[in-house]
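Here's the letter readout for the chains.
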Amino acid sequence: MIPEDLSYSEQHEWIRAEGKVGTVGITDHAQDALGDVTFVELPVTGAELAKGQEACAIESTKAAVSVYAPVSGKVVEANAELEDDPGLVNSSPYGDGWIYKIELSAPAELTSLMDAAQYGDFLATEGGH
Amino acid sequence: MASKTVLYDRHVAFGARVVDFSGWLLPAQYESVLAEHRHCRTSAAVFDTSHMRQFVLRGPAAAGQLGRIGTQDAEALSVGRCQYGFLLNEDAGVIDDTILMRLGDEEFLLVVNAGPGAGDLEWLRSHMRGNVELADQSTGGWGKVDLQGPASARALLSLVDVDLAGMAYFSVARARCCGRDCIISRTGYTGELGYEIMATGEDLGTIFDELLANPAVKPAGLGARDSLRLEMAYPLYGHELSTAHDPIEAGLAAFAKPDRDFIGSARLRTLEQAGPRRRLVAFRAESRRRTNPGNEIRYGSRAVGIVTSGAFSPSLEVSIGMGYVEADLAESGQELLVDTGRCELAVMVCDKPLYRNGTCRTKDTL
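Sequence lines, in order, name chains A and B. When we follow the working numbering, the leftmost residue of the first sequence carries the number 1, and every step to the right adds one. When we follow the working numbering, the leftmost residue of the second sequence carries the number 1, and every step to the right adds one.
Derived from the structure by calculation, the hints contain no laboratory data. If you're wondering where the values come from, they're calculated on a predicted model, not measured in any experiment. Note that beta-carbon positions come from the ideal geometry of N, C-alpha and C, so glycine has one too. Treat the hints loosely; a few may be bogus.
To be verified - Simulated crosslink set (SDA-like; lysine to any residue; CA at most 25 Å straight-line): (1) A:K62 - B:G115; (2) A:K62 - B:R38; (3) A:K62 - B:Y234; (4) A:K62 - B:L236; (5) A:K62 - B:G294; (6) A:K74 - B:V18; (7) A:K62 - B:R288; (8) A:K62 - B:L25; (9) A:K62 - B:S22; (10) A:K62 - B:E31; (11) A:K62 - B:T42; (12) A:K62 - B:S3; (13) A:K62 - B:V18; (14) A:K62 - B:P353; (15) A:K62 - B:S287; (16) B:K4 - A:A33; (17) A:K62 - B:D73; (18) A:K62 - B:R229; (19) A:K62 - B:R81; (20) A:K62 - B:K4; (21) A:K62 - B:L316.
Unchecked claim - What follows is a list of derived Cβ distance ranges for each label pair: (22) B:T42 - A:E81: 21 to 29 Å; (23) A:Q53 - B:G294: 51 to 59 Å; (24) B:G119 - A:E103: 54 to 62 Å; (25) B:I306 - A:E10: 33 to 41 Å; (26) B:K352 - A:E103: 42 to 50 Å.
As the list claims (entries may be wrong) - Computed, partial: chain A to chain B, Cβ under 8 Å: (27) G35; (28) D36; (29) T38; (30) E59; (31) K62.
Using the sequences provided together with the hints, build the complete structure.
The following block contains the structure:
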């Protein structure tokens with residue numbers, strides 16, 4: 001199931017915006033495609049990221065991939081739990097497996113992201129590979 | 001077009017992620033590489049290894065010819081025993097690593113890798129002299145499954161007609177399994193107690209099904225097979241071994257003793273005298289961050305080697321790997337750096353194997 005209350009990027013990140021801060025993770029589809037996550041290189045707190053810029057990286061038993069910023073802003077927190085338990089990205093991609101929080105510098109960018117229905121359609125077409 | 005093994009439909013039915021490995025469609029994983037790895041270490045896992053080639057050599061000259069072409073001393077090998085070794089070229093470069101099994105006075109089985117297999121067969125044919133019949137039984141419908149893990153003898157016991165408790169490490173026997181003719185060897189690639197079972201076509205399917213009917217046994221894919229072998233610092237052909245490497249620098253001189261004449265033995269004697277310039281090492285990091293084949297290994301800022309395999313170790317819960325480094329930096333405890341492309345990762349050279357609790361040599365199999 002794709003949670004209704006989140007926004008989605010074409011790189012399979014989700015963001016939950018609450019006020020000026022958004023929580024970012026990767027989608028269930030993305031974690032399933034990656035396989036067991038073995039390491040998360042967390043972003044540096046304070047880093048300024050432009051929308052679409054690489055924020056950090058994830059390694060799995062199958063691949064190493066980049067995680068991008070779905071919107072512009074400043075990293076205000078990284079999920080330190082993932083250092084010892086990166087498997088949270090697999091077991092709880094929309095919950096305890098969140099990766100970082102970003103202070104939005106351009107909240108209007110959220111409207112450029114997909115909602116749950118659009119992301120579902122996206123997966124059914126090109127994003128489903 | 002990649003080939004399907006006889007077990008292909010079963011892998012698909014189990015929901016496996018299938019990949020092309022050396023021209024064969026094989027499961028990379030079923031549900032989880034980590035879970036499959038851990039299940040093999042703690043219970044028993046079954047792997048489809050039907051991509052490997054099985055050469056049968058028969059005839060009065062078989063032992064002498066095998067001992068002249070490969071590094072195993074086939075004439076000294078007892079019936080019912082297996083030996084690891086190599087096919088080398090004249091420069092002592094590794095054409096393939098193999099397991100030689102002696103099934104009878106004049107009958108041998110040589111199990112080789114999928115990738116180099118066709119070249120191996122050509123090499124054997126072109127160098128064989130005298131009265132030897134050579135056939136590839138894997139193209140005649142034979143496949144193989146590997147049952148590996150501390151529970152594997154218990155899982156196999158009721159299905160076979162051989163004395164499993166009396167079957168020593170690196171022994172082999174013709175047997176019946178699930179009422180089907182097969183060849184069983186107590187060998188494997190995981191470091192755990194285990195058996196390789198060779199049978200034809202649907203007989204192999206029946207054996208696979210019967211093994212998995214036991215709740216202690218689960219299927220495992222190539223992903224787990226790779227992390228299991230890397231924890232044991234076993235070489236993988238194409239990574240640690242190739243014609244660009246010789247057995248001495250690979251740390252495998254014990255399996256290529258040039259005390260007799262075979263192809264490459266003269267060169268090995270020269271290399272033995274000179275000592276290797278580089279050595280294959282196993283290493284581990286404090287971090288979970290993985291290294292990858294091709295990553296540069298450094299000592300300070302100086303390039304001193306190259307990573308051949310890297311993975312996250314599910315048993316040790318850190319990043320592990322193997323690579324070739326300058327010989328004087330190959331001692332256990334040596335600290336080195338690996339350029340992963342994203343950072344310089346601190347690693348330490350370690351004794352092999354990296355995982356030390358494997359059950360492969362246990363005498364208490366049941």
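Right, here's what the structure says about each hint:
no.	hint	in the structure
1	A:K62 - B:G115	21 Å, holds
2	A:K62 - B:R38	17 Å, holds
3	A:K62 - B:Y234	20 Å, holds
4	A:K62 - B:L236	17 Å, holds
5	A:K62 - B:G294	17 Å, holds
6	A:K74 - B:V18	40 Å, violated
7	A:K62 - B:R288	14 Å, holds
8	A:K62 - B:L25	17 Å, holds
9	A:K62 - B:S22	17 Å, holds
10	A:K62 - B:E31	13 Å, holds
11	A:K62 - B:T42	23 Å, holds
12	A:K62 - B:S3	22 Å, holds
13	A:K62 - B:V18	12 Å, holds
14	A:K62 - B:P353	23 Å, holds
15	A:K62 - B:S287	18 Å, holds
16	B:K4 - A:A33	23 Å, holds
17	A:K62 - B:D73	39 Å, violated
18	A:K62 - B:R229	16 Å, holds
19	A:K62 - B:R81	37 Å, violated
20	A:K62 - B:K4	22 Å, holds
21	A:K62 - B:L316	18 Å, holds
22	B:T42 - A:E81: 21 to 29 Å	26 Å, holds
23	A:Q53 - B:G294: 51 to 59 Å	26 Å, violated
24	B:G119 - A:E103: 54 to 62 Å	59 Å, holds
25	B:I306 - A:E10: 33 to 41 Å	36 Å, holds
26	B:K352 - A:E103: 42 to 50 Å	49 Å, holds
27	G35	6 Å, holds
28	D36	4 Å, holds
29	T38	4 Å, holds
30	E59	5 Å, holds
31	K62	7 Å, holds
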